[in-house]
Amino acid sequence: MSALLSLQLGRKAEIVVVRNLVIAGWTGRDRDAVEHHIAELEKIGVKRPASVPIFYRVSAARLTTEPSIQAIGEESSGEIEFVLLQSAGRTWVGVGSDHTDREAETVGVTLSKQMCDKPIGQNFWPFEEVAPHFDQLILRAHIVEGGKKVLYQEGAVTAMHRPADLIDLYTDRPVLDDDTLMFCGTLAAKGGVRPSEAEFFLQLEDPVLKRSLTHSYRVQTLPVAG
Numbered sequence: 054m055s056a057l058l059s060l061q062l063g064r065k066a067e068i069v070v071v072r073n074l075v076i077a078g079w080t081g082r083d084r085d086a087v088e089h090h091i092a093e094l095e096k097i098g099v100k101r102p103a104s105v106p107i108f109y110r111v112s113a114a115r116l117t118t119e120p121s122i123q124a125i126g127e128e129s130s131g132e133i134e135f136v137l138l139q140s141a142g143r144t145w146v147g148v149g150s151d152h153t154d155r156e157a158e159t160v161g162v163t164l165s166k167q168m169c170d171k172p173i174g175q176n177f178w179p180f181e182e183v184a185p186h187f188d189q190l191i192l193r194a195h196i197v198e199g200g201k202k203v204l205y206q207e208g209a210v211t212a213m214h215r216p217a218d219l220i221d222l223y224t225d226r227p228v229l230d231d232d233t234l235m236f237c238g239t240l241a242a243k244g245g246v247r248p249s250e251a252e253f254f255l256q257l258e259d260p261v262l263k264r265s266l267t268h269s270y271r272v273q274t275l276p277v278a279g
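Each residue of the sequence shown is one higher than the one before, counting from 54 in this note's numbering.
Note that these hints are calculated values from the structure, not bench results.
Treat the hints with care, since some could be wrong.
What the hints assert, rightly or not - Derived EDC-like pairs (lysine to aspartate or glutamate); straight-line CA-CA distance at most 20 Å: (1) Lys243 / Glu95; (2) Lys243 / Glu88; (3) Lys96 / Asp154; (4) Lys263 / Asp221; (5) Lys96 / Glu119; (6) Lys243 / Asp83; (7) Lys263 / Asp154; (8) Lys96 / Glu127; (9) Lys202 / Glu156; (10) Lys201 / Glu127; (11) Lys65 / Glu181; (12) Lys263 / Asp188; (13) Lys243 / Glu207; (14) Lys65 / Asp188.
Could you build all of it, start to finish, from the sequences and the hints given here?
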């Protein structure tokens, strides 16, 4: 299965085919921080990964730029990540959410990764524009609690392995295959992993070039019939 997406690649609108979707997990440069995230998920019953980092393959059809997704039950939540897209011989960077069914995650992470759509923003920067100062990019996510927008995740991309390192670990080559999109890891949640009452807000900030990539989406909960 593939995804056909309408994206803004730099200054040009493009229809992009994504045939390979990869979710990189436990990608932290700081092993203590990785252990913290593993422990955070163990508290809700998620088993430790088989390797660190680990790369999950997910159906590319799960990718979406829509402002809402549907999920079974009320046990799913988002995770902000920077994403790498290889398209037409160029590398692009964007922002997305590895939205995950937490109940299914306690059964198996590979299963849970396939359970939910993966929202991404429509806008992407050419990787070469941010490569010289990539470590200064900041990830930030907000959720809604008690009717108020609250900070859920925040931190520099230095929390995760550098893009070149992730690509090399996955492919043993300097670039991803064309038509591939990779989610590159997330940050610990402030106050623990939990869903948003309404929208999930994503931001990848570039303080050097003074710009941001943003996206937000809502979750429509479908009933658990038994």
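Hints, verified against the model:
1. Lys243 / Glu95: 16 Å, holds
2. Lys243 / Glu88: 16 Å, holds
3. Lys96 / Asp154: It holds: about 15 Å lies between the C-alpha atoms, which stays within 20 Å.
4. Lys263 / Asp221: 29 Å, violated
5. Lys96 / Glu119: 31 Å, violated
6. Lys243 / Asp83: Satisfied, since the Cα-Cα distance of roughly 18 Å is no more than 20 Å.
7. Lys263 / Asp154: Not satisfied, since the Cα-Cα distance of roughly 34 Å exceeds 20 Å.
8. Lys96 / Glu127: OK: Lys96 and Glu127 at ~18 Å, within 20 Å.
9. Lys202 / Glu156: 25 Å, violated
10. Lys201 / Glu127: 19 Å, holds
11. Lys65 / Glu181: 16 Å, holds
12. Lys263 / Asp188: With a Cα-Cα distance of about 14 Å, the restraint between Lys263 and Asp188 holds, given a limit of 20 Å.
13. Lys243 / Glu207: Between Lys243 and Glu207 the Cα gap is close to 8 Å, so the pair holds against 20 Å.
14. Lys65 / Asp188: 25 Å, violated
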